[in-house]
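Student: So the chains spell out like this:
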Amino acid sequence: MKLKETLHIFILVVGLSLVVFFMYFFRFNRDAQIFTGLFGCIYYTVWGIIHHALKERLSRTIVLEYVLLGLVVFLLLLMSFTF
Amino acid sequence: MMITPTYNTGSHIIEKYQFLHHFLPHPDTKKRAKLLQHNAMATYALVLVLFIGVFRITPRFAPGILGYSSDISVSDLLKSTNKYRNENGLKTLRLNTALTKAAESKARHMFAQNYWAHVAPDGTTPWDFILESKYDYSYAGENLAKNFDSSNDVVKAWINSPSHRENLLGANYDEIGFAVVNGILDGYETTLVVQMFGKPRASIPIASEEEETKLLTAYESKSVVEAPSTQSANYPVLEKPSLSFVPSRSEEVLPAVDVTTASKSITLVVSAFLFILLALDVWYTKRKAIPRLSGNVFAHITFLVMTVVGVWFALTPGIVL
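First to last, the sequence lines map onto chains C and W. The working numbering numbers the first residue of the first sequence as 1 and each following residue consecutively. The working numbering numbers the first residue of the second sequence as 1 and each following residue consecutively.
Hints listed in this document are in silico derivations from the structure and should not be mistaken for laboratory results.
Reference listing, derived: stretches of chain C covered by chain W, where coverage requires no fewer than 3 residues with Cβ under 8 Å from a Cβ of chain W:
| hint | segment |
| --- | --- |
| 1 | 16-25 |
| 2 | 28-40 |
| 3 | 44-57 |
| 4 | 72-82 |
Glycine included, every Cβ here is placed at the ideal spot set by N, Cα and C.
Generate coordinates for the entire structure from the input sequences, incorporating the hints supplied.
Tutor: And the structure:
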């Protein structure tokens, strides 16, 4: 169980690290940065849903929690990268 | 009969100060802190949408309040460009007065007509500016940049873009001209950088070192530049040149609100706020052994930290064209 949890977190950290890398890689291409940020937020939301579904603890409240945090972070990125 | 208050000790103190549940989870309802609940998160999203709206609308009604701070100099741009060319085995480009004048005209035209493009909405091309400044060219090129805060970042961005790099490493070019002009574009106070490359049509001497030094001095002193023409007698297609002009002095831009700093600060404050609430959630939930079915707090914290890292290191307001 512990190993499974560690694996889930590892997948999350690797995915988000790649998102940060591509944001830096596209630092002179605004559209690509926004797209990368959007992808990162969707990746996080989907990760959260799958993570809880695999643990058989998925509920509507949990889905909403990931969707809302993903939305807040995407808006932060949008604000930063569109000016 | 004596009535003992229930909030005198331990966790009951919290019951007296209900507002603490805005920041701490509730042991009875087992819900997250009120400021982390769905309603609060939806409110943050709404506030951010409003911020984005304000950032978009402000420049229209109050041009010049928002902007991009910058400190770019022509001599640094020239040095960085030539350094990159030399590293790639190419010759040093000389600063030419006519190309500099063309670059100045282009930058001023963009501010006057409020556009950001190689070809103006009225159809004026970069070549029109070069020919207007009496530079008779066989090869010419143009690189543009805006919203950058340093000369080094401008050249780095051009190097990172294949089409701009092609211009920087153009083997056919002999001379170069720069304009670093401050102004208001789309309501934002900013600095436009225009880089123009050229090779004179006939085999005439390219700009001298003396001309280059004069030009660089003129940038600093804001004096009138007079320079010889590169026009060849063999190709008398242009009129006798008149090359006196005052190049824009590279001055530091400090807008009332620097958009980059404001964006980074808002991201940092919002993320830190959520981070603290989540950390308090972890601490209090463990302390009170509150069983709960909710999202993975460690994952939320990782996501927020990565967001701050991404914005802090990848946010460069500069755009090249």
